[in-house]
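> Listed here are the chains, written in short residue letters.
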Amino acid sequence: NAGVTQTPKFQVLKTGQSMTLQCAQDMNHEYMSWYRQDPGMGLRLIHYSVGAGITDQGEVPNGYNVSRSTTEDFPLRLLSAAPSQTSVYFCASSYVGLVTFGSGTRLTVV
Amino acid sequence: SQQGEEDPQALSIQEGENATMNCSYKTSINNLQWYRQNSGRGLVHLILIRSNEREKHSGRLRVTLDTSKKSSSLLITASRAADTASYFCATPPLGSARQLTFGSGTQLTVLP
Numbered sequence: 001n002a003g004v005t006q007t008p009k010f011q012v013l014k015t016g017q018s019m020t021l022q023c024a025q026d027m028n029h030e031y032m033s034w035y036r037q038d039p040g041m042g043l044r045l046i047h048y049s050v051g052a053g054i055t056d057q058g059e060v061p062n063g064y065n066v067s068r069s070t071t072e073d074f075p076l077r078l079l080s081a082a083p084s085q086t087s088v089y090f091c092a093s094s095y096v097g098l099v100t101f102g103s104g105t106r107l108t109v110v
Numbered sequence: 001s002q003q004g005e006e007d008p009q010a011l012s013i014q015e016g017e018n019a020t021m022n023c024s025y026k027t028s029i030n031n032l033q034w035y036r037q038n039s040g041r042g043l044v045h046l047i048l049i050r051s052n053e054r055e056k057h058s059g060r061l062r063v064t065l066d067t068s069k070k071s072s073s074l075l076i077t078a079s080r081a082a083d084t085a086s087y088f089c090a091t092p093p094l095g096s097a098r099q100l101t102f103g104s105g106t107q108l109t110v111l112p
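Here the protein sequences line up with chains A and B, keeping their order. Number 39 in the working numbering belongs to position 39 of the first sequence; there are no gaps in the numbering. Number 104 in the working numbering belongs to position 104 of the second sequence; there are no gaps in the numbering.
Be a bit skeptical, because a hint or two may be false.
Restricting the straight-line Cα-Cα distance to at most 25 Å, the calculated cross-link-like pairs of lysine to any residue (SDA-like) are [what the hints assert, rightly or not]:
# : chain 1 : residue 1 : chain 2 : residue 2
1 : A       : K9        : B       : K56
2 : B       : K56       : B       : Q107
3 : A       : K9        : B       : H45
4 : B       : K26       : A       : K9
Because the hints were derived from the structure by calculation, they are not lab data.
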């Protein structure tokens with residue numbers, strides 16, 4: 001049982017480049033979400049999904065897109081990377097209020 | 001805006017001592033959760049306390065919840081060096097059981 005798997009673990013982007021952070025879970029959880037964590041801060045919700053085909057914005061959605069075509073996958077797309085998006089990104093899935101986090105993607109935008 | 005706020009921001013204790021960290025939140029909740037994050041790693045769920053519970057234990061962890069004061073505390077007894085980590089409280093607002101809002105965390109350092 002792999003839980004929540006995020007790829008890649010590390011990524012360096014140039015300003016203006018686009019990329020997709022992958023997230024997959026094998027627990028059949030309906031709810032999935034993306035957070036970013038900046039130094040010395042807690043997690044801030046970017047986007048979330050309550051099931052396949054349904055997504056919604058969180059606290060800091062600007063500059064990010066998501067889609068949920070299957071229950072298992074919830075990719076996060078950066079459309080045009082900016083230095084302000086340098087952060088650690090965590091994907092999570094949950095069931096009845098208990099959240100399982102992936103190990104994170106450390107993204108640096110130069 | 002952050003729902004939960006932990007206090008203190010940093011705590012340093014000797015191995016074997018107890019560590020207490022607090023969390024305050026703003027709106028009514030169904031439950032409150034505590035997570036641990038080791039440096040450079042993802043968050044690990046520690047314990048969930050429901051709004052109708054006042055105290056809950058799990059191993060060396062004791063969590064209390066005071067809904068009248070909108071506050072919770074996490075006590076780690078007989079701390080170990082391996083307990084060194086950041087600890088976050090998280091709350092799902094009413095009507096959104098799975099959408100968590102995190103505080104900025106308490107950095108606990110346990111000195112051997």
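> Against each hint, give a clear statement of whether it holds in the structure.
Tested hints:
| no. | hint | verdict |
| --- | --- | --- |
| 1 | K9(A) to K56(B) | 35 Å, violated |
| 2 | K56(B) to Q107(B) | 22 Å, holds |
| 3 | K9(A) to H45(B) | 21 Å, holds |
| 4 | K26(B) to K9(A) | 34 Å, violated |
Of the numbered hints stated above, those contradicted by the structure are hints 1 and 4, listed in ascending order.
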